[in-house]
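Turn these sequences into a full structure, and let the hints steer you where they fit.
Sequence order for the protein chains is A and B.
Straight run, no breaks: the first sequence in my numbering ends on number 123.
Straight run, no breaks: the second sequence in my numbering ends on number 113.
Mixed in with the good hints there might be a few duds.
Capping the alpha-carbon separation at 25 Å, the derived lysine to any residue pairs in SDA-like fashion look like this [claimed, not checked]: (1) A:Lys111 with B:Ser108; (2) A:Lys57 with B:Thr26; (3) A:Lys111 with B:Gly41; (4) A:Lys57 with B:Lys42; (5) B:Lys42 with A:Thr5; (6) B:Lys42 with A:Gln44; (7) A:Lys111 with B:Arg37; (8) A:Lys57 with B:Gln3; (9) A:Lys111 with B:Pro113.
If you're looking for bench data, these hints aren't it; they were derived computationally from the structure.
Here the structure is a predicted model, which means the values were calculated and not measured.
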Amino acid sequence: KAGVTQTPRYLIKTRGQQVTLSCSPISGHRSVSWYQQTPGQGLQFLFEYFSETQRNKGNFPGRFSGRQFSNSRSEMNVSTLELGDSALYLCASSSTGLSPLMVGGTATNEKLFFGSGTQLSVL
Amino acid sequence: EDQVTQSPEALRLQEGESSSLNCSYTVSGLRGLFWYRQDPGKGPEFLFTLYSAGEEKEKERLKATLTKKESFLHITAPKPEDSATYLCAVLSEGETSYDKVIFGPGTSLSVIP
Numbered sequence: 001k002a003g004v005t006q007t008p009r010y011l012i013k014t015r016g017q018q019v020t021l022s023c024s025p026i027s028g029h030r031s032v033s034w035y036q037q038t039p040g041q042g043l044q045f046l047f048e049y050f051s052e053t054q055r056n057k058g059n060f061p062g063r064f065s066g067r068q069f070s071n072s073r074s075e076m077n078v079s080t081l082e083l084g085d086s087a088l089y090l091c092a093s094s095s096t097g098l099s100p101l102m103v104g105g106t107a108t109n110e111k112l113f114f115g116s117g118t119q120l121s122v123l
Numbered sequence: 001e002d003q004v005t006q007s008p009e010a011l012r013l014q015e016g017e018s019s020s021l022n023c024s025y026t027v028s029g030l031r032g033l034f035w036y037r038q039d040p041g042k043g044p045e046f047l048f049t050l051y052s053a054g055e056e057k058e059k060e061r062l063k064a065t066l067t068k069k070e071s072f073l074h075i076t077a078p079k080p081e082d083s084a085t086y087l088c089a090v091l092s093e094g095e096t097s098y099d100k101v102i103f104g105p106g107t108s109l110s111v112i113p
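Printed below as a string of structure tokens:
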């Protein structure tokens with residue numbers, strides 16, 4: 001079974017530009033969640049998509065947005081890039097996502113499968 | 001405010017020297033606690049999920065335990081290939097109908113031959 005695929009692997013942009021990152025989840029997984037990882041802040045949750053709907057969002061500004069397609073592939077967009085946006089952006093897929101209550105009330109074996117990430121550098 | 005902390009920040013062990021990593025959490029409504037291992041340049045790799053106090057999980061040289069306030073990842077007789085950053089994450093009740101996940105800052109483990 002193929003793992004979670006993120007493209008591109010590395011990206012260099014300048015301030016003010018926008019960027020789109022892509023994530024292809026494991027086949028059959030309907031949930032894709034996005035995370036920002038920096039040395040200072042660690043891993044922080046951005047948002048989660050399930051069946052093309054954003055159902056949870058972290059505390060990031062509106063410059064960070066995403067979407068999910070009918071085949072569960074997801075894209076994340078960051079507009080008006082700032083130097084502080086330099087980070088490793090990770091996506092993770094799971095079958096039921098971050099809301100086990102939605103599938104019966106008990107999280108029996110929920111786990112996230114992460115991609116290798118996109119390293120974004122903003123100059 | 002929900003919070004997840006990990007200690008120590010970095011740990012250096014001799015091969016074979018057992019130790020424990022700590023993950024302390026303050027959240028409203030714990031749904032589950034996860035341990036991940038992350039190697040440089042890669043995404044986190046799932047290790048364990050724990051759901052209730054008293055639960056324990058084992059995998060090779062690793063054993064994870066959970067209490068109402070913290071989790072420990074015990075490493076028995078570590079080998080150099082165990083060197084990595086170990087992350088814990090807590091799944092907790094969100095303000096809406098959906099849960100939220102909070103990651104700790106991680107513990108960087110180095111095992112010296």
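Verification of the hints:
Annotation: proposed proximity of A:Lys111 to B:Ser108 holds, straight-line Cα distance about 22 Å (limit 25 Å). Between A:Lys57 and B:Thr26, the direct Cα distance comes to roughly 20 Å. Compliance with the 25 Å bound is thereby established for this hinted pair. This hinted pair checks out: A:Lys111 and B:Gly41 have alpha carbons roughly 21 Å apart, not beyond 25 Å. Of the pairs offered as hints, the one joining A:Lys57 and B:Lys42 holds, with about 24 Å between alpha carbons and a cut-off of 25 Å not exceeded.
Restraint check for B:Lys42 and A:Thr5: satisfied, since their Cα atoms lie roughly 12 Å apart, inside the 25 Å limit. Distance check on the hinted pair: B:Lys42 and A:Gln44 sit about 16 Å apart at the alpha-carbon level, within 25 Å; holds. Pair hint A:Lys111 plus B:Arg37 holds up; C-alpha atoms about 13 Å apart against a cutoff of 25 Å. The hinted pair formed by A:Lys57 and B:Gln3 meets the criterion: a straight-line CA distance of about 17 Å does not exceed 25 Å.
Distance hint between A:Lys111 and B:Pro113 is unfulfilled; the C-alpha atoms sit about 32 Å from each other, more than 25 Å.
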